[in-house]
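Novice: The lines below spell out each chain.
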Amino acid sequence: MGTNDRKKIRNDIILAVVLLAVAAAAMLFWHFGKVEGDFAVVLIDGVETARYALDTDTEVVIHTDNAGENTLVIAGGKAYVGAANCPDLVCAGHRAISRVGETIVCLPHKLVIKITAASDAGGVDMAA
Amino acid sequence: MMRKMRFAALLLALLLFCSMVACKKQSGKTKYSAYYFDYFDTVTTVVGYADSKDEFDRVCASITAQLEEYHRLYTIYNRYEGLNNLYTVNETEDGVHNVVQVDEKIMDLLLYAKEIYTLTGGRTNIAMGSVLSIWHEYREAGMHDPAGAELPPMDALRAAAEHTDIEQMILDTENNTVFLADPEMRLDVGAIAKGYAVEMVAQQLTADGIEGYILNVGGNVRAIGTADGDEPWSVGIENPDTEDTETPYIAYLHLSDAAVVTSGSYQRYYVVDGKNYHHIIDPETLLPGEKYLAVSVLCRDSALGDALSTALFLMDWEEGRALVEFTPNVEAMWTLPGGEQKYSSGFEAYTFAMEK
Ligand SMILES: [Zn+2]
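Note that the protein sequences, when read in sequence, are chains H and Z. So the first sequence is residues 1 to 128, counted in my numbering. So the second sequence is residues 1 to 356, counted in my numbering.
Hints should not be assumed to be uniformly reliable.
[Unchecked claim] Across the chosen pairs, the derived CB separations fall in these ranges:
#: 1; chain 1: H; residue 1: Val73; chain 2: Z; residue 2: Arg300; range: 38 to 46 Å
#: 2; chain 1: H; residue 1: Val22; chain 2: Z; residue 2: His144; range: 52 to 60 Å
#: 3; chain 1: H; residue 1: Asn11; chain 2: Z; residue 2: Arg300; range: 48 to 56 Å
#: 4; chain 1: H; residue 1: Thr58; chain 2: Z; residue 2: Ser27; range: 35 to 43 Å
[Unchecked claim] Footprint (simulated), chain Z over chain H, 3 or more residues, beta carbon under 8 Å:
#: 5; region: 43–54
#: 6; region: 82–93
#: 7; region: 104–110
Hints in this document: simulated from the structure, not taken from any laboratory. The C-beta atom is built at its ideal place from N, Cα and C for all residues, glycine as well.
Let the sequences and hints guide you as you build the complete structure.
Specialist: Rendered as structure tokens:
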């Protein structure tokens, strides 16, 4: 066998390994989906009213029924409630969220902020 | 010759690639979700795979109609015209309770509550209403006026605790009536009603041939069937340490046709002098349990999961673990105040690692 053939075989092996690695990575991606989300979606009483890209820092006051106010802050790729006028303040105490399926709920204001990705699925189906 | 082999090898690699990608079974259904705020004073989440939004909405309409009915029957805070519910059972007339005719759904819950009382050695006791109503009153007041938040006086709690004997709840299954023989006694089914209602709804959906849904009513999670195709559902158990900003979940679970219920000190609480006082009250100390930050119970039946998660939250770990190992098909995870996790023998078989 000449050095040329040997080189060819080596190239083929490299090609096969690369293909398999790509396939494995693709499979993992499809299986687990994307973990870090792209948007913070705002739902008031179950209805989507707005969505904000996590890659753009912003601060917005969400108005709900009965003069409810929750300040949604997006900073450094994460979303959190910076301030709120609900009685329990559970929403304002919640850690910043950034992964698909994570939610912040303000029960008194019937408000849900949840993280989604541009592509379908990924992350957890339910946080509890 | 060489070229042919090279072509064959490439083809083989391509085939492998395709089969690996395709090995995730796809049903062609779309994933939908919905949120509701009207049941059991908590948020309800429904996630499901359906062929169309219409189909998903129809299933949600069935779920919410059922939850609405259970909520009206089991609430102790509201009366409804023409309906005998637990508010009616708790009411007194001239200082005594009435014998109240109730719906079968109430009778079944109360019978189940008696079983649970025995199983948990009295930790999960629906006859604690008189004690829990005092805590409820002080918590509500403290949440609306944080500066004036106070703890309930111990002598009031002790006096109320004299009237928590579940044997004084007289059930007549022939005539479907309930009578609280102790006039000072009140029922509070908060520790079991959500899990029980969720289980009943889930069983009804299964009977209706519906699958591919997962419900969450205030921490009572119940999966009906699998997720998309034959994939299990992925459930993240929230980190009860709300100060820890780096770790959103303490466990990732794979569930199909099963329940996971979490009782946590972070779920419903108020603050007095900088200290959190949550809603899971120990019948012995009459104070919020302090042994754990959270306890999650994984089992087939969300009613059992709900009842056990409350009981385990109030038990020493040794005793709780013994109860879990003794009860078939039940697993549990305990999170200690320092953040450390303990697991029952089979719990970790359901966990998986989430890829970053
Ligand atoms: Zn809030």
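Novice: Assuming the hint says 35 to 43 Å, is it satisfied by the Cβ distance from H:Thr58 to Z:Ser27 or not?
Specialist: holds, 37 Å
Novice: Take the C-beta atom of H:Val22 and the C-beta atom of Z:His144, compute their distance, and say whether it sits inside 52 to 60 Å.
Specialist: At 58 Å between Cβs, range holds.
Novice: Just to be sure I understand the hint, the distance between the Cβ atoms of H:Val73 and Z:Arg300 should be within 38 to 46 Å; is that true here?
Specialist: Holds - the Cβ-Cβ distance for H:Val73 and Z:Arg300, about 41 Å, lies within 38 to 46 Å.
Novice: Is the distance from the Cβ of H:Asn11 to the Cβ of Z:Arg300 consistent with 48 to 56 Å?
Specialist: holds, 55 Å
Novice: Quick check: the region 104–110 of chain H, covered by chain Z? Criterion 3+ residues, Cβ under 8 Å.
Specialist: Check passed, 3 qualifying residues.
Novice: So is the region 82–93 of chain H in contact with chain Z by the C-beta rule, three or more residues under 8 Å, or is the coverage claim wrong?
Specialist: holds (count 3)
Novice: Mind taking a look at whether chain Z covers the region 43–54 of chain H? Criterion is 3 or more residues with CB to CB distance under 8 Å.
Specialist: holds (count 3)
The structure shown violates none of the earlier numbered hints.
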